[in-house]
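Enquirer: Input sequences plus hints: build the corresponding full structure.
Single-letter residue listing:
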Amino acid sequence: MKCRLIKNEICEVLAKIQGISGRKTNLFITSTVRLTGQGDGTIQIEATDLETDFSGIYPAEVEVPGSVCINAKKLYEILKSYPSDTILLNEIENRWIEIGENNLLFHIVGMNPDDFPEIGKDTETELIAVDSFQFKKLIEKNLSIPSQADEKRIYTQGLFFESHTDEEEQTFLRGVSTDSKRMVKYDMLSDHSFVFQGEEKYILIPKKGLGELLKFLDSPMPVRIGALNNRFVVVKESEIFSITLLEGGFPGYQDIMRKDPDSLIEFKRQELLMSLRRMSILSDDDFRSIIFSFEENKLTLMTSNPDLGESHEELSISYEREPFEVAFNPKFFMDALSLIEEDDAHVFIRNNQTPCIIKGKSDSYLTSVIMPIKI
Amino acid sequence: MYHKNKNENPPALRKIIHVDMDAFYAAIEQRDNPVLKGRPVIVGGNPKGRGVVATCSYEARKFGIHSAMSAAQAIRKCPHAVFIRPRKEVYAAVSRQIFAICQKFSNCIEPLSLDEAFLDVSEDILNLGSATRTAEKLLETIHKHTGLTASAGVSFNKFLAKVASDIRKPAGLTVIRPEDAPAFLEKLPVRKFFGVGKTTEKKMHSHNLFTGEDIKAMGEEKLKNLFGKAGKEFYAFAMGRDDRPVMAQRSRKSIGREVTLERDIRDTGAMLAILKTLAEDVEASLVRKKHAGHTLTLKVKYPDFRSATRSMSFPCPLWRAEDMMEKMPELLARTEAGEKAVRLLGLAISQFPDTEQTKGQMLLPFVFHK
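The listed protein sequences derive, respectively, from chains A and B.
Under my numbering, think of the first position of the first sequence as 1212, with each following residue one higher.
Under my numbering, think of the first position of the second sequence as 16, with each following residue one higher.
Honestly, I wouldn't trust all of these hints.
[Unchecked claim] Listed below are the simulated DSS-like cross-link pairs for lysine-lysine, each with C-alpha atoms no more than 27 Å apart in a straight line:
#1 A:K1585 <-> B:K152
#2 A:K1332 <-> A:K1470
#3 A:K1412 <-> B:K119
#4 B:K177 <-> A:K1392
#5 B:K103 <-> B:K92
#6 B:K316 <-> B:K217
#7 A:K1235 <-> B:K304
#8 B:K92 <-> B:K119
#9 A:K1235 <-> B:K291
#10 A:K1392 <-> B:K119
#11 B:K103 <-> A:K1332
#12 B:K119 <-> A:K1235
#13 A:K1412 <-> B:K152
#14 B:K152 <-> B:K217
#15 B:K119 <-> A:K1418
#16 A:K1585 <-> B:K207
#17 B:K159 <-> A:K1332
#18 A:K1235 <-> B:K316
#19 B:K304 <-> A:K1542
[Said to hold, decoys possible] FRET-style restraints, in silico, Cβ to Cβ:
#20 A:K1291 <-> B:G162: 40 to 50 Å
#21 A:E1506 <-> B:S269: 38 to 48 Å
#22 A:N1440 <-> B:P380: 30 to 40 Å
#23 B:P185 <-> A:D1377: 49 to 59 Å
#24 B:F114 <-> A:E1329: 20 to 30 Å
#25 A:E1335 <-> B:L143: 48 to 58 Å
Since the hints were made in silico from the structure, they are not lab data.
Cβ coordinates follow ideal geometry from the N, Cα and C atoms, glycine included.
Expert: Encoded structure:
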């Protein structure tokens, strides 16, 4: 293989796939990218961590078609630091690859491109076009609850993705995530329903792969999404992103999201957020709770940390029910408030035993739920 | 009177798989070193010292070797056996691989050890149609990904699933359907019952209890008088009842160390000195894992291989060797150590407060669609 690459364009792609090729798998070759110079004057770049696959086609001057596999991290570093706009890549013999020319030359040992795993780039399925910006938002809001490495429950590792139509015949794509202590749901309007394969009514997409996908959702260009062979497929122009789906159930979340209108308390979002930030100064890993004490038209936030001391702050709110106390992990509460994109927050909180629902006053697309901490 | 609750709200029929790797450590050694294939392989302690057999290959089992037998005895039974020092990290890595596979088959997995687990497959998450099919597919997937064989038992409770997995080892699958359970249990030797070891077996035999049928015939009350709370369980098992759930979130149970002594010792002062070094090891481990536990357990094994454990619980979780050693003389005094020599000493800390629970974080009240 011999070709001339356009530095900026290829560098940009290599930067984005570092997360995929940087993940340890049991195949050493996944730390490489496969570059395939094609007869039509394009180069194909492929990367995989055996769960998340990426493949993209970019213009290049191809002199001799063929494939090479080069360590992704090193190739990126070489290209990034290379002092001219185009870079010559030339496979010489026995998988040795020369990068550069004239007075600057890297002599790199590659791996056998035939050993590179077969990756998902099949798009022979029904894809629907979605707004990139909205879709990115759906993922970002859901990734605010990260998956935990030591967590065994599969449903905490993925984003639950379904498609539904409301009474007004509007179609939504819905993402729901949970770590079993809290949950977030985000709906985006869509022109089309997602096309599931077979009998499926939802899919569970690993958050790991979605984190990598986010890097590619950086332009306003619409993307097309679909499901195929147990994979979630995203196509953006000449780039294909494909993630192996998680197999497993997802808990019934709808009942938990049901709001009791009598339990509504309205907050100035920013004010509550700032106050929680101040109160969490004294909370740490061992004492991670803030007590919310509700009295008539008053909320007192309190922290107490035997190692450090105590703090409290009073907020005036509109509240006329019975006084009660409830405790929350301040991080969960702040995360939920930060997702809201308007000034007023609606918090539905019945007592210190039941889920607390947090959402924007007018926004019905985003809903967060957090469970209290026992006092 | 003990039939009072029978048939009142019978619980929905569960589907449980017990999967157990065949000669796990030895099979990994044979897989990684083809020279060992077909030969008696023993993974465990030094046969010249006082170590014991951890696992042995099926070829070695033909010579009457089994796990927990002393390595010295094993080599007498089978002098041409290949002894291999355990590669714990490798086994742990393969174990992780196997549990990752199990997770594809069930949302509810209870690991019992590195090579054994219960899977609740009442919910057919892969839509394979039946628990039997799920078990077949599981064994097949494990073999495909690790090159190792496992055996599985499928039934409607944990006890029967576990007994079943042992029936067609290696690489076997046994299903005990609810309609077959009574006949199966009647013929089952008491030794196979959960909680029956050598001692209880003897006691049962002395009361003319040899099979499940005998247990059933004796009745719950009489069993309870003879065996206490366990008697009640034996009766339930014999009746095909075992409501123990598959506990998906079982976390680490204990951190401990034990050592088989170079030679038997009788001097309690020397025992305490050895226990102190073990306690320091346990402390280091606890600190590293940021754990502390409410219960301290001492284990001794006498020269006749009988062992005894004594524990003590504390309101405040323990992690310092010093605190463990403060109570050690008392625990040791509650054993026969000193009157008798000991060949093994061990101690462990258990009853870790669940981190999430200590912090009181509640979980969302999910309802799973079954």
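Enquirer: Which earlier hints can't be squared with this structure?
Expert: 1, 2, 4, 8, 9, 11, 14, 16, 18 and 25
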